[in-house]
Amino acid sequence: MTIYSFETAKAGVEEKNNEDSFRIRQINMEKTMVLMSDGASTGVFSKEWSDHITNNIDSSWLKSVDDLEYGLNTLRESFKPNITRQTALRKFLMEGSYATLLALLIEEDTGWFSSKLDLTLYSIGDVCVFVFSEDGSLEFSFPYTRYEDFNNVPDLIRTSEKLQKKTPYVIKPSSFKTSAKSLIVVASDAISEYLFQAKDEGKLLSSIEDIVACENNENFKKLMDIYRQEMNMKNDDVTVCVLTKEPELYFRKGVNHGLPGA
Amino acid sequence: MYTAEISRTNPALILFLFDCSYSMSEQYGTAKMSKGQYLANICNESIDQIILSCEKGDEIRAYFEIGILGYGEGSDILLPIQSVIDLANNPSRMVSETLDGVTVEKPEWISDPTKRVNTDMIAGFRKAKSVLADWASTHPDSFPPVLIHVSDGEWTSDNPVQTALDIQSSVTTADGNCLILNIHISSEGGDVLTYPAETPTGSEHQGALFGMSSELPESFYQRALEMYPATQVGARGYMYNAQPEDLTKFFDIGTRLRG
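These protein sequence lines map, in sequence, to chains X and G. All the letters of the first sequence, read from the start, carry residue numbers 12 to 273 under our numbering. All the letters of the second sequence, read from the start, carry residue numbers 316 to 574 under our numbering.
Because the hints were derived from the structure by calculation, they are not lab data. All values derive from a computational prediction rather than experimental measurement. Backbone N, C-alpha and C fix where the C-beta goes; we use that ideal spot for every residue, glycine too. Just so you know, not all the hints are guaranteed correct.
The calculated DMTMM-like cross-link candidates involving lysine to aspartate or glutamate, where the alpha carbons are at most 20 Å apart (straight line), are [stated by the list, open to error]:
hint	chain 1	residue 1	chain 2	residue 2
1	X	K177	G	D415
2	X	K256	X	D78
3	X	K42	X	E88
4	G	K371	X	E26
5	X	K192	X	D120
6	G	K421	X	E106
7	X	K27	G	E541
8	G	K371	X	E25
9	X	K173	X	E88
10	X	K91	G	D401
11	X	K245	G	D490
12	X	K42	X	D129
13	X	K74	X	E118
14	X	K176	G	D373
15	X	K245	X	D160
16	X	K245	G	E320
17	G	K421	G	D490
18	X	K188	X	E257
19	X	K233	X	E220
20	G	K371	X	D62
21	G	K421	G	D401
22	X	K233	X	E26
23	X	K177	X	E159
24	X	K91	G	D373
25	X	K177	X	E106
26	X	K91	G	D415
27	X	K173	G	E533
28	X	K188	X	E41
29	X	K27	G	E374
30	X	K245	G	E533
31	X	K177	G	E541
32	G	K371	X	E106
33	X	K173	G	E320
Only some residues are given here: those of chain X computed to face chain G with a beta carbon under 7 Å [claimed, not checked]:
hint	residue
34	V55
35	Q97
36	T98
37	A99
38	L100
39	R101
40	L104
Extracted from the complex, chain X is given alone in its bound form:
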């Protein structure tokens, strides 16, 4: 599978302070797990929390909502950020850290005449997945399906059990079967919101192509700055991952940028 991935911090923020976290793990020859978590910038230790989530989720947790919820509870217990200052300790005790999550399991179902991809998805929050069919049309998106969905405050996974009980999250599950030739995009909230806007303007796939054409994070940062300034995209950390077995079906040229955090 060819994988393109790009990430950049919000404008005015150093790249090391990008609070998105993204991991891909090859479970076996047929199975790939994609995890994207977006640490909330108003919280404390947001980057550490989103990294803790993506580094430690086990693919066996993606069997059911209950399994994932149980697993996330263990992550809450094992999260021990390095706290060296009283202000940080007080904020952590009062508010904790919070982040969203999109977990995607891609299983290749190889048949005699054609192969399929079985997608298993779980969402807490507003990181989105888009699936395009061979003809370039959008055949599936999750958990949101339209631009207006971003008006809602996203659910968040919190490190504070007390606050989580006060504002519980809902794990949204989904599954989708698609052609092995499909194009899959996983994108954090601000760029997802932008992509839904592009969809309404008939520019969705060309926007994905523009992203893939960036080839590196430096160019991607420039493109995101243009989107922010000219297209009204929200100033937020941005992460995008594009996966396909057939890049030439969708793009002028295909470049494999490797597996971040693999």
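Add chain G to chain X, keeping to what the hints say.
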């Protein structure tokens, strides 16, 4: 207007202006403390909340600058304008509190500033005008400075309302005019008011402090509505005998509760 993102490049200023006059030493309502002590508590709590909003775990980010002026017989600088990082590193004292069973140290910056003097409120606003104008001239692209005035409203000098209105009209950044919020703490009783849209019918002092309070810009109005659902269009930054909610909720520090 009033949409500039607060960042390390373009920090925001919150300037407190405190009434340190004799009348502030009186008991505050049924609270077991003086109005001056109550004022100090509001201030320490607000500064603490602002610093916590800038705390990211590995560091405190310099999104805000804070200063405190006082007036009584003339005006004084109680705390020079400084970044939240310097404030966090230099409290005047620490008090212990327990959070989730853990004992932690909570900082404080001022104690009851009350002096047994007159209430030269206009001198306070004149000093504030000069300090705010200096700051705005060096931060032309920042969110407009916010002046938070805490008083029982009973001045003994000339009427300060026009001076306060002058601050609103003359101190500006590219993002708008200076905002003035008044926290009116009184022993006179009467209904608690939070961000009213119409002139209060109580004392002359209520009317004056309301009159010098800025109309909440849209972003502040929306936050006020979240905190106090009865807030009406045209609401002003005036509170009467109300415990101010987290003042940091008014400010767009990066993105709010987004991932």
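Here is how each hint holds up against the structure:
1. Pair hint K177(X) plus D415(G) holds up; C-alpha atoms about 15 Å apart against a cutoff of 20 Å.
2. Distance restraint check for K256(X) and D78(X): the Cα-Cα separation of roughly 30 Å exceeds the 20 Å cut-off, and the hinted pair is therefore not satisfied.
3. A threshold of 20 Å between alpha carbons decides the hint, and for K42(X) with E88(X) the separation of about 28 Å lies outside it, so the pair is violated.
4. At most 20 Å may separate the alpha-carbon atoms for a hinted pair to count; K371(G) and E26(X) meet this at roughly 15 Å.
5. A hinted pair counts as satisfied when its Cα atoms are at most 20 Å apart, and K192(X) with D120(X) qualifies at roughly 12 Å.
6. Using a Cα cut-off of 20 Å, the hinted pair K421(G) and E106(X) holds, with the two alpha carbons roughly 15 Å apart.
7. A C-alpha spacing of about 33 Å is found between K27(X) and E541(G), which places the hinted pair above 20 Å, so the restraint is violated.
8. With a C-alpha separation of about 13 Å, the suggested pairing of K371(G) with E25(X) holds against the 20 Å cut-off.
9. Simply put, K173(X) and E88(X) have alpha-carbon atoms about 13 Å apart, close enough for the 20 Å limit, and the pair holds.
10. Using a Cα cut-off of 20 Å, the hinted pair K91(X) and D401(G) is violated, with the two alpha carbons roughly 27 Å apart.
11. For the given pair, K245(X) sits about 18 Å from D490(G) by alpha-carbon distance, which is consistent with the 20 Å threshold.
12. Under the criterion of a C-alpha separation no larger than 20 Å, the hint pairing K42(X) with D129(X) is consistent with the structure, at around 9 Å.
13. With a CA separation close to 13 Å, the supplied pair K74(X) and E118(X) stays within the 20 Å bound.
14. Pair hint K176(X) plus D373(G) does not hold up; C-alpha atoms about 27 Å apart against a cutoff of 20 Å.
15. Proposed proximity of K245(X) and D160(X) is supported: the alpha carbons are some 15 Å apart, at most 20 Å.
16. Between K245(X) and E320(G) the CA atoms are separated by roughly 11 Å; this keeps the pair inside 20 Å, and the hint holds.
17. At roughly 34 Å between alpha-carbon atoms, K421(G) and D490(G) are farther apart than 20 Å, so this suggested pair is violated.
18. With a C-alpha separation of about 17 Å, the suggested pairing of K188(X) with E257(X) holds against the 20 Å cut-off.
19. A C-alpha spacing of about 15 Å is found between K233(X) and E220(X), which places the hinted pair at or below 20 Å, so the restraint holds.
20. Of the pairs offered as hints, the one joining K371(G) and D62(X) holds, with about 15 Å between alpha carbons and a cut-off of 20 Å not exceeded.
21. For the suggested pair K421(G) and D401(G), the alpha carbons sit about 15 Å apart, so the restraint of at most 20 Å is met.
22. Between K233(X) and E26(X), the direct Cα distance comes to roughly 13 Å. Compliance with the 20 Å bound is thereby established for this hinted pair.
23. The hinted pair formed by K177(X) and E159(X) fails the criterion: a straight-line CA distance of about 26 Å is larger than 20 Å.
24. For the proposed pair K91(X) and D373(G), the alpha carbon gap of about 13 Å is at most 20 Å, so the pair holds.
25. Restraint check for K177(X) and E106(X): satisfied, since their Cα atoms lie roughly 12 Å apart, inside the 20 Å limit.
26. The hinted pair formed by K91(X) and D415(G) meets the criterion: a straight-line CA distance of about 15 Å does not exceed 20 Å.
27. The hinted pair formed by K173(X) and E533(G) fails the criterion: a straight-line CA distance of about 33 Å is larger than 20 Å.
28. For a cut-off of 20 Å, the pair hint linking K188(X) to E41(X) stands: about 14 Å separates their Cα positions.
29. The hinted pair formed by K27(X) and E374(G) meets the criterion: a straight-line CA distance of about 13 Å does not exceed 20 Å.
30. Proposed proximity of K245(X) and E533(G) is supported: the alpha carbons are some 19 Å apart, at most 20 Å.
31. Straight-line distance between C-alpha atoms of K177(X) and E541(G) comes to about 17 Å, which keeps the hinted pair within the 20 Å bound.
32. Taking the CA atoms of K371(G) and E106(X), the gap is about 12 Å. The hint holds against a cut of 20 Å.
33. For the given pair, K173(X) sits about 31 Å from E320(G) by alpha-carbon distance, which is inconsistent with the 20 Å threshold.
34. The interface hint given for V55(X) holds, since its Cβ lies 4 Å from the closest Cβ of chain G, which is under the 7 Å cut-off.
35. Interface restraint check for Q97(X): the shortest CB-CB distance to chain G comes to about 5 Å, inside 7 Å, so the restraint holds.
36. Contact between T98(X) and chain G, as hinted, is supported at the beta carbon level, the nearest pair being about 5 Å apart and thus within 7 Å.
37. Given hint, A99(X) at the interface with chain G, holds; its Cβ is 5 Å from that chain's nearest Cβ, closer than 7 Å.
38. Annotation: interface hint on L100(X) holds; nearest CB of chain G at approximately 6 Å, less than 7 Å.
39. Below 7 Å, beta-carbon pairs count as interface contacts, and R101(X) has one with chain G at about 5 Å; its hint therefore holds.
40. Interface hint status for L104(X): upheld, as the beta-carbon distance to the closest one in chain G is roughly 4 Å, under 7 Å.
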